[in-house]
Amino acid sequence: MSLKPLDVVHNALDSQIIVLLKDGREYRGILKGYDIHMNLVLQNAEELRDGKPVRKLGLIVIRGDNIVYVSPPGGFK
Amino acid sequence: MSLKPLDVVHNALDSQIIVLLKDGREYRGILKGYDIHMNLVLQNAEELRDGKPVRKLGLIVIRGDNIVYVSPPGGFK
Amino acid sequence: MSLKPLDVVHNALDSQIIVLLKDGREYRGILKGYDIHMNLVLQNAEELRDGKPVRKLGLIVIRGDNIVYVSPPGGFK
Amino acid sequence: MSLKPLDVVHNALDSQIIVLLKDGREYRGILKGYDIHMNLVLQNAEELRDGKPVRKLGLIVIRGDNIVYVSPPGGFK
Amino acid sequence: MSLKPLDVVHNALDSQIIVLLKDGREYRGILKGYDIHMNLVLQNAEELRDGKPVRKLGLIVIRGDNIVYVSPPGGFK
Amino acid sequence: MSLKPLDVVHNALDSQIIVLLKDGREYRGILKGYDIHMNLVLQNAEELRDGKPVRKLGLIVIRGDNIVYVSPPGGFK
Amino acid sequence: MSLKPLDVVHNALDSQIIVLLKDGREYRGILKGYDIHMNLVLQNAEELRDGKPVRKLGLIVIRGDNIVYVSPPGGFK
Chain F
1 MSLKPLDVVH
11 NALDSQIIVL
21 LKDGREYRGI
31 LKGYDIHMNL
41 VLQNAEELRD
51 GKPVRKLGLI
61 VIRGDNIVYV
71 SPPGGFK
Chain W
101 MSLKPLDVVH
111 NALDSQIIVL
121 LKDGREYRGI
131 LKGYDIHMNL
141 VLQNAEELRD
151 GKPVRKLGLI
161 VIRGDNIVYV
171 SPPGGFK
Chain P
201 MSLKPLDVVH
211 NALDSQIIVL
221 LKDGREYRGI
231 LKGYDIHMNL
241 VLQNAEELRD
251 GKPVRKLGLI
261 VIRGDNIVYV
271 SPPGGFK
Chain U
301 MSLKPLDVVH
311 NALDSQIIVL
321 LKDGREYRGI
331 LKGYDIHMNL
341 VLQNAEELRD
351 GKPVRKLGLI
361 VIRGDNIVYV
371 SPPGGFK
Chain A
401 MSLKPLDVVH
411 NALDSQIIVL
421 LKDGREYRGI
431 LKGYDIHMNL
441 VLQNAEELRD
451 GKPVRKLGLI
461 VIRGDNIVYV
471 SPPGGFK
Chain H
501 MSLKPLDVVH
511 NALDSQIIVL
521 LKDGREYRGI
531 LKGYDIHMNL
541 VLQNAEELRD
551 GKPVRKLGLI
561 VIRGDNIVYV
571 SPPGGFK
Chain C
601 MSLKPLDVVH
611 NALDSQIIVL
621 LKDGREYRGI
631 LKGYDIHMNL
641 VLQNAEELRD
651 GKPVRKLGLI
661 VIRGDNIVYV
671 SPPGGFK
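Chains as they are written, first to last, in my numbering: chain F, 1 to 77; chain W, 101 to 177; chain P, 201 to 277; chain U, 301 to 377; chain A, 401 to 477; chain H, 501 to 577; chain C, 601 to 677.
Worth flagging that the hints you see were computed from the coordinates, not collected in a lab.
Among the clues, some could well be false.
Mimicking EDC-like on lysine to aspartate or glutamate, the simulated pairs with C-alpha atoms at most 16 angstroms apart in a straight line are [to be verified]:
{"#": "1", "chain 1": "W", "residue 1": "K104", "chain 2": "F", "residue 2": "D35"}
{"#": "2", "chain 1": "W", "residue 1": "K122", "chain 2": "F", "residue 2": "E26"}
{"#": "3", "chain 1": "C", "residue 1": "K632", "chain 2": "C", "residue 2": "D607"}
{"#": "4", "chain 1": "P", "residue 1": "K222", "chain 2": "W", "residue 2": "E147"}
{"#": "5", "chain 1": "F", "residue 1": "K32", "chain 2": "W", "residue 2": "D107"}
{"#": "6", "chain 1": "U", "residue 1": "K322", "chain 2": "H", "residue 2": "D565"}
{"#": "7", "chain 1": "P", "residue 1": "K204", "chain 2": "W", "residue 2": "D135"}
{"#": "8", "chain 1": "A", "residue 1": "K456", "chain 2": "A", "residue 2": "E426"}
{"#": "9", "chain 1": "W", "residue 1": "K132", "chain 2": "W", "residue 2": "E146"}
{"#": "10", "chain 1": "W", "residue 1": "K132", "chain 2": "P", "residue 2": "D207"}
{"#": "11", "chain 1": "P", "residue 1": "K256", "chain 2": "U", "residue 2": "D350"}
{"#": "12", "chain 1": "W", "residue 1": "K122", "chain 2": "P", "residue 2": "D265"}
{"#": "13", "chain 1": "U", "residue 1": "K322", "chain 2": "P", "residue 2": "E247"}
{"#": "14", "chain 1": "F", "residue 1": "K56", "chain 2": "F", "residue 2": "E26"}
{"#": "15", "chain 1": "P", "residue 1": "K232", "chain 2": "U", "residue 2": "D307"}
{"#": "16", "chain 1": "P", "residue 1": "K204", "chain 2": "W", "residue 2": "D114"}
{"#": "17", "chain 1": "F", "residue 1": "K22", "chain 2": "F", "residue 2": "E47"}
{"#": "18", "chain 1": "F", "residue 1": "K22", "chain 2": "A", "residue 2": "E447"}
{"#": "19", "chain 1": "C", "residue 1": "K622", "chain 2": "A", "residue 2": "D423"}
{"#": "20", "chain 1": "H", "residue 1": "K522", "chain 2": "C", "residue 2": "D665"}
{"#": "21", "chain 1": "W", "residue 1": "K104", "chain 2": "W", "residue 2": "D135"}
{"#": "22", "chain 1": "W", "residue 1": "K156", "chain 2": "P", "residue 2": "D250"}
{"#": "23", "chain 1": "C", "residue 1": "K656", "chain 2": "A", "residue 2": "D450"}
{"#": "24", "chain 1": "A", "residue 1": "K404", "chain 2": "C", "residue 2": "D614"}
{"#": "25", "chain 1": "A", "residue 1": "K432", "chain 2": "A", "residue 2": "E446"}
{"#": "26", "chain 1": "H", "residue 1": "K522", "chain 2": "H", "residue 2": "E547"}
{"#": "27", "chain 1": "U", "residue 1": "K356", "chain 2": "U", "residue 2": "E346"}
{"#": "28", "chain 1": "F", "residue 1": "K56", "chain 2": "F", "residue 2": "E46"}
{"#": "29", "chain 1": "A", "residue 1": "K422", "chain 2": "C", "residue 2": "D623"}
{"#": "30", "chain 1": "H", "residue 1": "K532", "chain 2": "H", "residue 2": "E546"}
{"#": "31", "chain 1": "U", "residue 1": "K352", "chain 2": "U", "residue 2": "E326"}
{"#": "32", "chain 1": "A", "residue 1": "K432", "chain 2": "A", "residue 2": "D407"}
{"#": "33", "chain 1": "H", "residue 1": "K522", "chain 2": "C", "residue 2": "D623"}
{"#": "34", "chain 1": "A", "residue 1": "K432", "chain 2": "A", "residue 2": "D414"}
{"#": "35", "chain 1": "H", "residue 1": "K556", "chain 2": "H", "residue 2": "E546"}
{"#": "36", "chain 1": "A", "residue 1": "K422", "chain 2": "C", "residue 2": "E626"}
Just the calculated beta-carbon pair ranges, DEER-fashion [unchecked claim]:
{"#": "37", "chain 1": "H", "residue 1": "V554", "chain 2": "C", "residue 2": "N611", "range": "24 to 34 angstroms"}
{"#": "38", "chain 1": "W", "residue 1": "M101", "chain 2": "C", "residue 2": "P653", "range": "47 to 57 angstroms"}
{"#": "39", "chain 1": "F", "residue 1": "H37", "chain 2": "H", "residue 2": "V554", "range": "35 to 45 angstroms"}
Owing to the predicted nature of the structure, the values given are computational and were not obtained by experimental measurement.
Don't be surprised by glycine CBs; every beta carbon is placed ideally from N, CA and C.
Same shape as in the complex, but just chain F (with noise of 0.2 angstroms):
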């Protein structure tokens, strides 16, 4: 059986994820919501650098187009 991509982006809600931007940017968040162009909305939110968190940004709306992927539960460690 194949997932599609927003499906398992939908199954994520109310979970922490991983999203790498393009320019190498990472941010750790509760994922709150999402629409078809993967723009996210992403609760308690921080930058991570190395892993590890640089700055508390709370909710934040990430601009699908700056994606290169994005993590859910279990999808990193």
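Place chains W, P, U, A, H and C on chain F using the hints.
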């Protein structure tokens, strides 16, 4: 329940938001409008560097395709 | 009430605006026209550096996809 | 009254215009045609550096997505 | 007979693939899903450097517009 | 009378043209075809450096989104 | 007679082609498929440097938006 990214933007109307752009510039201002491209109208806009205002811009219309993320009130600390 | 970004641009017609482009260039001129792509017509346009005019351009048509922000009158200080 | 950007381009037909591209290249030539993508046909085109012609190109078709601005006659000094 | 690129991607479902991104990053994982934008779902994803795994990512959704190529099983040595 | 950019391209069929790409590469060849994206078919194509051929490529299909300008015969000197 | 760029690509099916990408990477392989986005399927693909194979990739699906040009057989020397 899932939040649509543009609904989160909508709910931030008349509140102070922070906007990070792809070139690293950061702006803070009162959100007075938006459209489906995530073009934004900011009032009392200021450019920030390291979180500190470095330039007053007043009213600006930001083109949505520059945006990395929008952070509504409570969304930055 | 929410303002549409293009309405804010419309309201700036015949006023002096500042336009910041993605490559860092800044222009000032009288807004004489626009379209839905945010292509702009500027009259008496000047290129600015550090807020000071460095080159007179007269009438120019700026392609909207270059724009970071448009700042209507009162929108810069 | 508001001018449509493409109408300003249209009115420059058969006149000498200057075109600035995103990579900094500047061209001067007689505008012989255009389309809705702002693709342009320039006759007797020349590449400029610091406002001075450095290379004759004759007839060229410029792809619109390269353009920063188009400056019609009277639009440069 | 001609193969459609997305059919080749489809046939790689449940197999290990390698994905090269525009920024030079390389990922390896089990392809669990895709869509017409070439957004991909990879399970047990790992980031590679010089062909060697340097970071375990688990489940990731890669945005298709980052991709240079996808290499199905048998497609790398 | 106004010329459509693609008509100028069409009129250059079977003639030698020069194509400048966004990365600075320049190609010369006989134009054998094109489409509405300005994808081009060049025969006996050569890569140029400083206007001199440095590499023979034979038949190539250039993707239109790379193009800065197309220069038809008589269009370069 | 004018050739459509995608017809030239179609005629290269089952032949060895060379593909130059925007980042300068060059690939050689047997063209097994394509679509209207110029996404390509290459079999026995190899990465080239200075025209020499430096890495065997086997079967790859190249995303069309990376491509500068496609050179069919006879199209490189």
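Hint by hint, which ones does the structure fall short of? Those not satisfied: there are none.
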